[in-house]
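**Student:** Given chain A, put chain B in place with the hints provided.
Going down the list, the protein sequences come from chains A and B.
Note that the numbering used here gives residue 110 to position 98 of the first sequence, counting from 1, and the numbers run on in steps of one.
Note that the numbering used here gives residue 101 to position 67 of the second sequence, counting from 1, and the numbers run on in steps of one.
Hints in this document: simulated from the structure, not taken from any laboratory.
A hint or two may mislead.
With a straight-line cut-off of 25 Å between C-alpha atoms, the simulated BS3-like cross-links for lysine-lysine are [claimed, not checked]:
| # | chain 1 | residue 1 | chain 2 | residue 2 |
| --- | --- | --- | --- | --- |
| 1 | B | Lys144 | A | Lys53 |
| 2 | B | Lys132 | A | Lys52 |
| 3 | B | Lys144 | A | Lys48 |
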Amino acid sequence: DTAVSQTPKYLVTQMGNDKSIKCEQNLGHDTMYWYKQDSKKFLKIMFSYNNKELIINETVPNRFSPKSPDKAHLNLHINSLELGDSAVYFCASRTGYTQYFGPGTRLTVL
Amino acid sequence: GQQVMQIPQYQHVQEGEDFTTYCNSSTTLSNIQWYKQRPGGHPVFLIQLVKSGEVKKQKRLTFQFGEAKKNSSLHITATQTTDVGTYFCAGLGEYGNKLVFGAGTILRVKS
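In isolation and in its complexed conformation, chain A is listed as follows (with noise of 0.2 Å):
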């Protein structure tokens, strides 16, 4: 049973376009996270929701809209694709303050 999963694993898409990823925990935490994977690989927080409610904004650009449908879910809508938007984007779900990772989405803007 995956524990987080996110779809797609692999996305490359044209500067300018819009594209979603999308998580699901079946874990029954109640907060998830969405981080990026920079080329360095360095993990950068980017949002966090707690139950439906954003409670982590960090410094991202507003074309990234995170969404939250139920706390099972978080998804990651992002318009306007740049080329400094590719990385790895990883879900996370945590309890306690350990946190789960999802296998990553790659995310290729050309």
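**Tutor:** Just chain B now, kept in the frame of chain A:
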């Protein structure tokens, strides 16, 4: 804001050699966690340290949390090729609500 520095950035070792990565926070932490990311994989939780001066072991891995709760280390004894990956520390500030990750140490093991 809270910053977590991690060194070294890269480490290449011969199989059987020891390996250590160090983590330093700009502020006192309530806890520190360590994660491992295999090449092409996702970060996987290894351990959490909470108490000042705490030392925990997992087989060949030894984790330490400094007395001042601002630094931590991960030591691997007699590395194996299965240890290859990126090791991240992540600190939770005393009053914070988010983990701040170090930049990670990429470990390569030559057999």
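**Student:** Which hints, by number, does the structure contradict?
**Tutor:** 3
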